[in-house]
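Asks: Chain A is already provided as a structure; the job is to place chain B on it using the hints.
Protein chains: 2
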Amino acid sequence: MWTPGKGLLLALMLITQSFATAQANPANRASQFELANGLVLVVVPDPRAPVVTHMVYFRVGSADEPPGTSGVAHFLEHLMFKSTGKLANGEFSAIVSRLGGQHNAFTSYDYTAYFERVSKDRLKNVMQMEADRMVNLQLNEREVETERQVIIEERRVRTENVPASILTEQMSAALYQNHPYRIPIIGWMHEMAKLSREDALAFYKRFYAPNNAIVVVTGDVNPAEVKALADATYGALPANLDIRPRVRPQEPEQRAPRRVELKDPRAGNASVRRYYLAPALTNAAPGEAEALYLLMKIAGVGGTSRLYQSLVVEEKLASSAGGWYSGLSLDSGSIGLYAVAAEGVPLDKVEQGIDRVVRDLRANGVTEADLERAKKQFIAEFVYESDSQEALARRYGSGLVLGLTIDQINSWPAAIAKVTVAQVKDAAAKYLDIRRSVTGTLIPTASEPENTIASPPSAKKG
Amino acid sequence: MWTPGKGLLLALMLITQSFATAQANPANRASQFELANGLVLVVVPDPRAPVVTHMVYFRVGSADEPPGTSGVAHFLEHLMFKSTGKLANGEFSAIVSRLGGQHNAFTSYDYTAYFERVSKDRLKNVMQMEADRMVNLQLNEREVETERQVIIEERRVRTENVPASILTEQMSAALYQNHPYRIPIIGWMHEMAKLSREDALAFYKRFYAPNNAIVVVTGDVNPAEVKALADATYGALPANLDIRPRVRPQEPEQRAPRRVELKDPRAGNASVRRYYLAPALTNAAPGEAEALYLLMKIAGVGGTSRLYQSLVVEEKLASSAGGWYSGLSLDSGSIGLYAVAAEGVPLDKVEQGIDRVVRDLRANGVTEADLERAKKQFIAEFVYESDSQEALARRYGSGLVLGLTIDQINSWPAAIAKVTVAQVKDAAAKYLDIRRSVTGTLIPTASEPENTIASPPSAKKG
Chain A
1 MWTPGKGLLL ALMLITQSFA TAQANPANRA SQFELANGLV LVVVPDPRAP
51 VVTHMVYFRV GSADEPPGTS GVAHFLEHLM FKSTGKLANG EFSAIVSRLG
101 GQHNAFTSYD YTAYFERVSK DRLKNVMQME ADRMVNLQLN EREVETERQV
151 IIEERRVRTE NVPASILTEQ MSAALYQNHP YRIPIIGWMH EMAKLSREDA
201 LAFYKRFYAP NNAIVVVTGD VNPAEVKALA DATYGALPAN LDIRPRVRPQ
251 EPEQRAPRRV ELKDPRAGNA SVRRYYLAPA LTNAAPGEAE ALYLLMKIAG
301 VGGTSRLYQS LVVEEKLASS AGGWYSGLSL DSGSIGLYAV AAEGVPLDKV
351 EQGIDRVVRD LRANGVTEAD LERAKKQFIA EFVYESDSQE ALARRYGSGL
401 VLGLTIDQIN SWPAAIAKVT VAQVKDAAAK YLDIRRSVTG TLIPTASEPE
451 NTIASPPSAK KG
Chain B
1001 MWTPGKGLLL ALMLITQSFA TAQANPANRA SQFELANGLV LVVVPDPRAP
1051 VVTHMVYFRV GSADEPPGTS GVAHFLEHLM FKSTGKLANG EFSAIVSRLG
1101 GQHNAFTSYD YTAYFERVSK DRLKNVMQME ADRMVNLQLN EREVETERQV
1151 IIEERRVRTE NVPASILTEQ MSAALYQNHP YRIPIIGWMH EMAKLSREDA
1201 LAFYKRFYAP NNAIVVVTGD VNPAEVKALA DATYGALPAN LDIRPRVRPQ
1251 EPEQRAPRRV ELKDPRAGNA SVRRYYLAPA LTNAAPGEAE ALYLLMKIAG
1301 VGGTSRLYQS LVVEEKLASS AGGWYSGLSL DSGSIGLYAV AAEGVPLDKV
1351 EQGIDRVVRD LRANGVTEAD LERAKKQFIA EFVYESDSQE ALARRYGSGL
1401 VLGLTIDQIN SWPAAIAKVT VAQVKDAAAK YLDIRRSVTG TLIPTASEPE
1451 NTIASPPSAK KG
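Quick note, the sequences are listed as chains A and B, same order.
When the first sequence is numbered by the numbering used here, its final residue is 462 and no position is left out of the sequence of numbers.
When the second sequence is numbered by the numbering used here, its final residue is 1462 and no position is left out of the sequence of numbers.
The set of hints was computed from the structure by calculation and includes no laboratory data.
Each residue gets a CB set at the ideal place from its N, CA and C atoms; glycine is no exception.
Here's a subset of chain B near chain A, in silico, CB distances under 8 Å, partners left out:
| no. | residue |
| --- | --- |
| 1 | 1166 |
| 2 | 1173 |
| 3 | 1247 |
With the rest of the complex left out, here is chain A (with noise of 0.2 Å):
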């Protein structure tokens, strides 16, 4: 079970590419329903092996916790392998692996989901399963104390131990004033401390109904076969009328750009992150999204990138550089620049790097040789990504978990191919505005930085 957003930089990279590659061949060939209890079923036939590919997605995650309780989506996600009066904690692991199948859980800032891979013949299995524990779960005291502890500990493997992912946090926390995006997905270490069992089931009660679920069947498999499966499975399952449409804090304008300077002994080489604020797919004006993935795709993305042959290629400043457009998300999408300085280089002069880059890109754009080769290497890594069974899954699941339609999903490549320099070069002068930004820095420190970090203020001072 892992939990994107937390190294924000790269997970933030591996969805916006694999959603962005995401839509070629099977468009057709996703088939849509709607329980009677508000459940919705998209099946995508993918008749190359003999297994299936089953996913439920919630629409659900960290950016809907009730303040104070930050970490709970996760939490939660964790906890939903426990019992469940049928099953016995653990068993639905068991069962799966047994049945020779995998399976995985994820928790975004908008959603949650829940990911199987077994044989076809076992789809019935998992999917009784799943509408089990999305009404049955149970919790007991020992149960919740228990994964607790298992997810600090995954706050400390992953955050507290890693710098780069301290230096994301404080820089999403400056970045959103208002925003939930603003709070770690796995949550604040003080707020994990205190979740309780009371906490999850409140959490599950009010976000987990079928009619707050979507199911998505990638496989060998035929759409009318599955509907008749879902329906014998989840479709005995209550919807819960209290569900309502998530609304959460909007940003307000935003004025100044701000800075985080993180100095750790275990950083590594100095690096500087920028992000800026923008749209997302599902708020932008039409072609918006479309023009910033193209432009970061040419400023960020690979060997050939603006800021990789400027910063690495040409300056010799860094020894790497790149960046994203993460637009997949429900209220608010995201811009990132990165470099990591090469040896010797003062880090201000890698950002200075950086901001000629920026600069050229907001004059100038790009031109219509960069725009043709970025569309190419979009088709080239979409169909090579629609080979995967669960990469189909992700996308659809995805994309109609923050409200797309598969219209809108499978035309994602046709809106690709419209785009036209003149709406790059709008997307860079109007969203790389520095104004609504956050620079981070990360600098190694040869001892214990200046002073120890502060107790809190009603310990005894240490």
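Replies: This is chain B only, laid out in the frame that chain A set:
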């Protein structure tokens, strides 16, 4: 009706000072009662003039607002002057004026307070009217519409037109990563614009009740007489049994210094400010808040302060400089430092001057002579302030509403007197920690900033 916290720098200084200077002689004169419905009554006899000051403090402020409804506490403060069934829109103010009195109201992060000063024989009228609007507020759509325009205009005048206020907001949003002190008391404009009658009434019903109120009466009265009046007015109101102690999301460990840079053509001379998180009086270790108060009096208050002497007098880097400690809050205090650049001095030189003062305070603390002088100043101001009937009422009201006892409030001068130079040095070393800080710069630009503020994502590109 003004709102402390919009001109935060000034407001916090005023609050800190008014509190710090607020307990000498009348200590033994304050009587506290609790009515059967839970309302707390404090009476402070002060026979010097035949007027009384009457204040109602509610245990609710902007930090208690539901997410996405920022500004509703202050909006409700305005709406409390609308119709109640007994009183028509505006009649409250008209009656107080006709009685020859004055009135005012305040919203802070932690409380909302209503103030009246009238002649002694009018006290009962005022108590009747306050009791009435404590539970009988009606509000119609037109009153709400009109008043929403008033608070929006208030925000325009006090925040949007004042670059220093904008910077304060931006710095608070960066200082607090998790706590609602991050959000401006007056609200974010886009959320204020959506505040509805339902938002205001829901907030009113949740937080306004006799058992969530503290009434303070100072003036030419005797406690038994006031208690009888309170029983006859407030005593008739039902308690709200759903009221619970307030619990807000607390800050995570802070580990990386932040910066905010605001450029504005209206900025005047360039200036730099720094805020540090610090404990509040309510949660500091014994003696710590007192040490912080004296530290910052020595460091930042007046022409003899370290900051003023170093930056303005000796080094001539700044035209003004100072600092403060603000500890009168429920969850977290803060320390502030500021300097305005002298003509022709680059702002980074000014900031380096502040850094030198901070380094010296952390390494060397203050002298016995400094400390004695600061304590003497405190006593002088304290006595001076005790002459003010309103200041007395605010001292007890704002202390009690945060959970302090009358004894704790009265013992503040004794606690100040006990502070040692070692405690001051410890406080400086512990809390002037750059990792728990945000530094803000306000920089004038000759013309409009580099590029105009981007429109919201969904709007047409301008």
